[in-house]
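Once you've looked at the hints, dock chain P with the ligand against the given chain F.
The primary structure of each chain is shown beneath.
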Amino acid sequence: MKTCLVVDDSSVIRKVARRILEGLEFQIIEAEDGEQALGACEKLMPDAILLDWNMPKMDGYDFLRALRRLPGGDRPKVVFCTTENDVAHIARALHAGANEYIMKPFDKEIVEAKFQEVGLI
Amino acid sequence: MTPHDYDYLRALLRKRSGLVLSAEKHYLVESRLLPVARKASLAGLPELVQKLKSPGSDALAIEVTEAMTTNESFFFRDKIPFDHFRNTIMPALIAARADGRRIRIWCAACATGQEPYSLAMALKEMGGAISTRRVEIVATDLSSDVLEKALAGIYSQFEVQRGLPIQLLVRYFTQVGEMWQIAPEIRAMVKFRQLNLLEKFSHLGIFDVVFCRNVLIYFDQETKIGVLNRLAEVVAADGYLSLGAAETVVGLTPVFKPIPELRGIFSPAQTTVPNTSANVVDLAGVRTAAVAGANR
Ligand SMILES: C[S@@+](CC[C@H](N)C(=O)[O-])C[C@H]1O[C@@H](n2cnc3c(N)ncnc32)[C@H](O)[C@@H]1O
Numbered sequence: 001m002k003t004c005l006v007v008d009d010s011s012v013i014r015k016v017a018r019r020i021l022e023g024l025e026f027q028i029i030e031a032e033d034g035e036q037a038l039g040a041c042e043k044l045m046p047d048a049i050l051l052d053w054n055m056p057k058m059d060g061y062d063f064l065r066a067l068r069r070l071p072g073g074d075r076p077k078v079v080f081c082t083t084e085n086d087v088a089h090i091a092r093a094l095h096a097g098a099n100e101y102i103m104k105p106f107d108k109e110i111v112e113a114k115f116q117e118v119g120l121i
Numbered sequence: 122m123t124p125h126d127y128d129y130l131r132a133l134l135r136k137r138s139g140l141v142l143s144a145e146k147h148y149l150v151e152s153r154l155l156p157v158a159r160k161a162s163l164a165g166l167p168e169l170v171q172k173l174k175s176p177g178s179d180a181l182a183i184e185v186t187e188a189m190t191t192n193e194s195f196f197f198r199d200k201i202p203f204d205h206f207r208n209t210i211m212p213a214l215i216a217a218r219a220d221g222r223r224i225r226i227w228c229a230a231c232a233t234g235q236e237p238y239s240l241a242m243a244l245k246e247m248g249g250a251i252s253t254r255r256v257e258i259v260a261t262d263l264s265s266d267v268l269e270k271a272l273a274g275i276y277s278q279f280e281v282q283r284g285l286p287i288q289l290l291v292r293y294f295t296q297v298g299e300m301w302q303i304a305p306e307i308r309a310m311v312k313f314r315q316l317n318l319l320e321k322f323s324h325l326g327i328f329d330v331v332f333c334r335n336v337l338i339y340f341d342q343e344t345k346i347g348v349l350n351r352l353a354e355v356v357a358a359d360g361y362l363s364l365g366a367a368e369t370v371v372g373l374t375p376v377f378k379p380i381p382e383l384r385g386i387f388s389p390a391q392t393t394v395p396n397t398s399a400n401v402v403d404l405a406g407v408r409t410a411a412v413a414g415a416n417r
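First to last, the protein sequences are chains F and P.
For the first sequence, position 23 (counting from the first letter as 1) is numbered 23 according to our numbering, and the numbering increases by one without interruption.
The number in our numbering is simply the position in the second sequence, starting from 1, with 121 added.
Isolated chain F (complex conformation) (with noise of 0.2 angstroms):
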C-alpha cells in the first residue's frame, strides 16, 4: 500500500482528502502544517504528499524547498492542493519541485486525475 501525507491546517479539508484518497488505496498520514509534514517526513519517506500553501509556522512552498534537499526527498511525488489559483503561483510551486497541482475547491475526480498523471496510480 502507498503512502501518502495529508498536510493541511484545515481539519476538514484532511478529512475530505483522507477519505477520497483511501477509497485510491493510500495508507494516509496527516499533518496541520510545513513543520510537522517535514517531522513525519524524516521518520518516513511517503510516496506522495498533498500539500496545502497557506499554513502557519511553515508554509507549503517552504516545506517543498525544505523537503527536496532532505535526503531521499527527491522521491515522493508532490500536488499541491491550494486556493491560490493563479498561474504566478503555479509557476513557483513547479520551480520549487511539485509534480502537480490542484486548484481549490476539488473533487475526487481530480484528485484522481492528478494523481494518475504522476504516475501515483
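Please keep in mind that the hints were generated in silico from the structure rather than gathered at the bench.
In this text the structure is predicted, and so the values were computed from the model without any measurement.
Where hints are given, some of them may not hold.
To be verified - Derived BS3-like pairs: lysine-lysine, alpha-carbon spacing no greater than 25 angstroms straight-line:
| no. | chain 1 | residue 1 | chain 2 | residue 2 |
| --- | --- | --- | --- | --- |
| 1 | F | LYS104 | P | LYS270 |
| 2 | P | LYS200 | F | LYS77 |
| 3 | P | LYS200 | F | LYS108 |
| 4 | F | LYS2 | P | LYS200 |
As the list claims (entries may be wrong) - Rough simulated footprint, nothing fancy, chain F against chain P, three-plus residues with beta-carbon under 8 angstroms:
| no. | stretch |
| --- | --- |
| 5 | 276 to 286 |
| 6 | 322 to 329 |
What the hints assert, rightly or not - Have a look at the derived ranges for each label pair, beta carbon to beta carbon:
| no. | chain 1 | residue 1 | chain 2 | residue 2 | range |
| --- | --- | --- | --- | --- | --- |
| 7 | P | ARG159 | F | GLN116 | 38 to 44 angstroms |
| 8 | F | THR83 | P | PRO212 | 37 to 43 angstroms |
| 9 | F | GLU35 | P | GLN288 | 27 to 33 angstroms |
| 10 | P | ARG153 | F | LEU44 | 26 to 32 angstroms |
| 11 | F | LEU70 | P | GLN288 | 44 to 50 angstroms |
| 12 | P | GLU354 | F | ARG92 | 49 to 55 angstroms |
| 13 | F | THR83 | P | ALA219 | 47 to 53 angstroms |
| 14 | F | VAL87 | P | ARG153 | 32 to 38 angstroms |
| 15 | F | HIS95 | P | ARG159 | 49 to 55 angstroms |
| 16 | P | PRO156 | F | THR83 | 49 to 55 angstroms |
| 17 | F | GLU35 | P | PRO156 | 51 to 57 angstroms |
| 18 | F | LYS108 | P | THR253 | 34 to 40 angstroms |
Heads up, the beta-carbon is just placed ideally off N, CA and C, and yes, glycines get one too.
Frame of chain F; chain P with the ligand shown alone:
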C-alpha cells in the same frame, strides 16, 4: 407525454443524430427537452411534439436533437490514446510522410474541443519533431452549441483539472477571471466545422488519423457499422482510427482491424465494403440552416 409522443421523439432523434433511446428513458427526455419547449414558449412536451410535426419546424428539431446529445469531454481523455498518438502514431506518420506531405487529423465528434486541443498541444510538445504547419486538425460535431464553446476555447477550473497536466495548463492557457482560455497558437491549429456523422463526410478528404471517440456508443449496431464503413473510406491505408474505451470494430465490420500493441487504435484492413452510400441517411436540407460562427 403519451407513449406515442415518446416514440415520435425517439424516432426523430434516431433519424437525425443516430441516438438510440431505450423505452424507459422518459425522464432523460423530459429533463432535457422541457427547457427547449419553454424556450419556444410551449407549455410542455405534448405541445413540443405537436409543433415538431407541423411544417417549418426544422430549427426546433435541430434544437431538440442538440439538447439530447451528451457532450461531456476531458482533456487527454483516457490518456493512453494520446500516449499512442505521441509515441507511436506520429513518429510512424512522420517517417512515412518524409516527402513533406501534410499530415491530416480529424476529431469526428469533438464536443467542446478538449480532444482536438489535446492533440494540438501534444503536437506542439513534440517540438522539433514536426512543424505544426505540416499538420492539419479538423474537428467536427453535430451540435452548434458545443462548437461555439470549442471555438472560444474557454474552460472552467474544473474542466482544466481533469486530465490536463499542470505544465500544459501553465504553458498554453491564460487566466480570464475564473476561467482559463487556450492560447491563440493552439486554437489556430484546429479548424472547427459542423458535421453530422450520419451524413456524407467524404468531402473532408483523406485523413491519416481519425479520433472518433465516445460517440458510436450512442448509436445502434446498424448505425455504428454504417459510420465505421464510411470512415474506412476516409482513413489513409497506413492511417489510424482511435475509438473510445468502450467502443470497438470487432464483431461489427471487417474494414478496420485492431492493432494489438496499441489498445483502442485500429488500422484499415485491405477490404472494401460495397455500397456504403446506402448507409447515409437522407437529411437533405436539414443542415442548410447550419451554424454560422462554427465555421471559420
Ligand atoms: C461524449 S461526446 C465525445 C467527445 C470526445 N470525442 C471525447 O471522447 O471526449 C459525444 C459528442 O458526439 C456528438 N454527436 C452525437 N451524435 C452525433 C452525430 N450523429 N454526428 C456528429 N456528432 C455527434 C455530440 O454532439 C457530442 O458532442
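Here is what the structure says about each hint:
1. F:LYS104 / P:LYS270: holds (24 angstroms)
2. P:LYS200 / F:LYS77: The hint holds at about 19 angstroms.
3. P:LYS200 / F:LYS108: holds (18 angstroms)
4. F:LYS2 / P:LYS200: Given pair LYS2 (chain F), LYS200 (chain P) holds - Cα atoms ~22 angstroms apart, limit 25 angstroms.
5. 276 to 286: Since 6 is at least three, the answer is holds.
6. 322 to 329: violated (count 0)
7. P:ARG159 / F:GLN116: 38 to 44 angstroms: For ARG159 (chain P) and GLN116 (chain F) the Cβ distance comes to about 40 angstroms; the hint holds.
8. F:THR83 / P:PRO212: 37 to 43 angstroms: holds (41 angstroms)
9. F:GLU35 / P:GLN288: 27 to 33 angstroms: holds (29 angstroms)
10. P:ARG153 / F:LEU44: 26 to 32 angstroms: Violated: the Cβ-Cβ distance is about 51 angstroms, outside 26 to 32 angstroms.
11. F:LEU70 / P:GLN288: 44 to 50 angstroms: violated (24 angstroms)
12. P:GLU354 / F:ARG92: 49 to 55 angstroms: Hint holds: Cβ distance 52 angstroms, inside 49 to 55 angstroms.
13. F:THR83 / P:ALA219: 47 to 53 angstroms: At 50 angstroms between Cβs, range holds.
14. F:VAL87 / P:ARG153: 32 to 38 angstroms: Holds, since VAL87 (chain F) and ARG153 (chain P) (Cβ atoms, about 37 angstroms apart) stay within the stated range.
15. F:HIS95 / P:ARG159: 49 to 55 angstroms: Since HIS95 (chain F) and ARG159 (chain P) have Cβ atoms about 51 angstroms apart, the given range 49 to 55 angstroms holds.
16. P:PRO156 / F:THR83: 49 to 55 angstroms: violated (33 angstroms)
17. F:GLU35 / P:PRO156: 51 to 57 angstroms: holds (53 angstroms)
18. F:LYS108 / P:THR253: 34 to 40 angstroms: holds (35 angstroms)
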